[in-house]
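Visitor: Sequence order for the protein chains is A and B. Under my numbering, the residue at position 101 of the first sequence is numbered 101, and the numbers go up by one with no gaps. Under my numbering, the residue at position 255 of the second sequence is numbered 255, and the numbers go up by one with no gaps.
Calculated from the structure, these hints are not laboratory results. Small disclaimer: the values here were computed from a predicted structure and weren't measured. Misleading hints may appear alongside valid ones.
As the list claims (entries may be wrong) - Here's a subset of chain A near chain B, in silico, CB distances under 10 angstroms, partners left out:
1) L30
2) A32
3) R42
4) P54
5) G62
6) I64
7) G69
8) I95
9) M105
10) L113
11) M115
12) L118
13) F121
14) R128
15) F149
Claimed, not checked - These stretches of chain A come out as covered by chain B in the derived footprint (C-beta under 8 angstroms, 3 or more residues):
16) 55-61
17) 130-144
18) 152-162
All C-beta atoms in this analysis are idealised placements derived from N, C-alpha and C, irrespective of residue type, glycine included.
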Amino acid sequence: MSSEGGGGSEAAADTKPAFWTGGRVAGLVLIAAGAVASAETRSLPLGTLGHPGPGYTPLVYGLILLILGVVVALGRGGPTLGSVRWGELRHAAMILGSIAFAALMLDRLGYRLTMLALAAFLVGAVERRPALPTALVALGLSFGTHFVFWTLLRVPLPAGPFGL
Amino acid sequence: MIDTLNSLALGFSVALQPTVLFYAVLGCVVGTMVGVLPGLGPLAGISLLLPLSFGLTPTTAIVLLGGIYYGAMYGGSTTSILMRIPGEAASVITCVDGHAMTLKGRGGAALAIAALGSFVAGSLSVVALMLLAPPLASVALKFGPPEYTALMLLGLIVLSYMSSGPMAKTLAMAALGLLLGTVGIDVMSGFHRFTYGVTDLADGLGVVPVAVGLFGLSEILLVAGAAAPPQVYKPRLRELVPSREELRRSVGPCLRGSALGFLIGIVPGSAHIISSFVSYGVEKRLSRHPEQFGQGAVEGVAGPESANNAAASGAFVPMLALGLPSGPVPAVLLAAIMVHGVAPGPLLMDQHPHLVWGFIASMYIGNVVLLILNLPLVGLFVNVLRIPYSYLYPTIVVFCVLGVYAVNASAVDVWIMLAMGAAGYALRKLGFDMAPVVLGLILSPMLEMSLGQSLAMSGGSYAIFFQRPIALTMLAAASALLALSLRDAAGYGRRGWRARAGLGPTQG
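Using the sequences plus the hints, can you model the full thing?
Guide: Structure (structure tokens):
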């Protein structure tokens, strides 16, 4: 089940090498990241080679990233873009969305209510489990972890309305 | 030697205190459960459970997290052998012969050999760690900023050379990590870099949100929507006894795996993963019956399992002696002790002997605990896999958010984890290794600081790196490795050691 190393790709049956490989797309993204980072250092003093300023190392790293992006983009091998399966993308997007909600609401709604909503959404809406197990899991996770980490271990967790 | 034994005695006096012992056992149990769960490796496990250690003393914190680390290394083999599901990446190769042994009705014996091999390797490598770390720490006291700069560059190049994918991809990930490490206040000048007015970013990107995002969350995203839980095979207690022949055939692989794993573990990189593949390759080459490999050869279980556990201990040598992490797991452990105000570095052993030697002694105890726990309780641990994934992963997501938030009580860290999770998901889909990103992130401020100090020492001249023998040697080694990888990329070394060990292509 572990997907380390770029799981989800299949060997293309077509013998003609495809242009848009995963490496090529990733290389272009790395080039863009390197270029943006290098450009962003313009607002920082660069210093000199012997006395580098705060913009010096980010610029060097950005340029290295850009060059390596070119090497990755020009390199052969890797899965073709069409052969990479993205079947779990919808699930993944919903998980990411629910975490974004948690990040947004943690300091507003408090830990317990936010986690209750997060767990209930993932179990009930994303996984479509029955209402009772969903409620039990969500309540157990939100209030259970709060009890262990805040009450027992004194880990600071935010409180929301009504002290929840 | 007498000093070392005295220090070890001090360590045992710390590790055998009831509280410390309790956390060592707790770490081993939790770590084993983390290792059993597919996708949650030692790094994600330690990162997620980091908040558990906040209320503890530095010693109990590192003992707990260390226990989780080697507990996860032990636990990862269980599902590999019984279900052909690697609990963590270092157990991938154990799937091959371990599961074949299960299909032949020898799953219990394979588990016992894996546990015994892990115990032998764990114990031997802790002895080696104990003997090697103090002299290395005294050598490290002679290191100045140029040597540290050269060492960190060498570490990043070695990591890239030893990683499983093409070197250009790995170096790109290291560069990305270095770039991410520049976010925050520049310690030399006080300038804010890439913070865009977000005050929570002034201290830089935290190791924990980045590591949890890249490893824990991205794994959840990759296996999201997975089917029903797999069938669980539970061996009976009497099936756990290996035959005399199986034990005899395991002795050599265990000892070789221990030595190989420890040596590879010291080198930066995903050592525990690499060591298991290299050990498998070595055992297959040395075997009189290489055709049995893949069909249930006990050597294919004993060697890699010993190697990955020895590598786990080897990885602590540079961490304890030099204060430099050799990989993401030691980096998170260093971050954990830094939370408690303990500064890592070559003086760590002198300034905090209770912590260092208590930790080393707890590793001995942990190995015994794991041997006792793993065999009789194997049925209990694999039951974790019966929990439907639709309930399991929301639980892990909640722990991800909790673990990341609790470090700094900052929702910004949750956003960072989210971004890293999405990036890790896409990059892993495209075959990129995430370990260099985390290592680059951690080394970046140290590297920048030591480079700045080196240039300040020399009045701005880079000749300082060529005038000091240790720095020059390390830079020469880094250049040689780069040249070797360029040769591989050009196609002259297509069957390099990485390809032979099954670590994938070496083209750049």
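Visitor: All the hints need checking, so say for each whether the structure fits it.
Guide: So, going through the hints one by one against the coordinates:
no.	hint	result
1	L30	5 angstroms, holds
2	A32	12 angstroms, violated
3	R42	12 angstroms, violated
4	P54	4 angstroms, holds
5	G62	6 angstroms, holds
6	I64	5 angstroms, holds
7	G69	6 angstroms, holds
8	I95	6 angstroms, holds
9	M105	9 angstroms, holds
10	L113	13 angstroms, violated
11	M115	6 angstroms, holds
12	L118	6 angstroms, holds
13	F121	9 angstroms, holds
14	R128	8 angstroms, holds
15	F149	6 angstroms, holds
16	55-61	holds (count 4)
17	130-144	holds (count 4)
18	152-162	holds (count 6)
Checked against the numbered hints above, the structure violates hints 2, 3 and 10; every other hint is satisfied.
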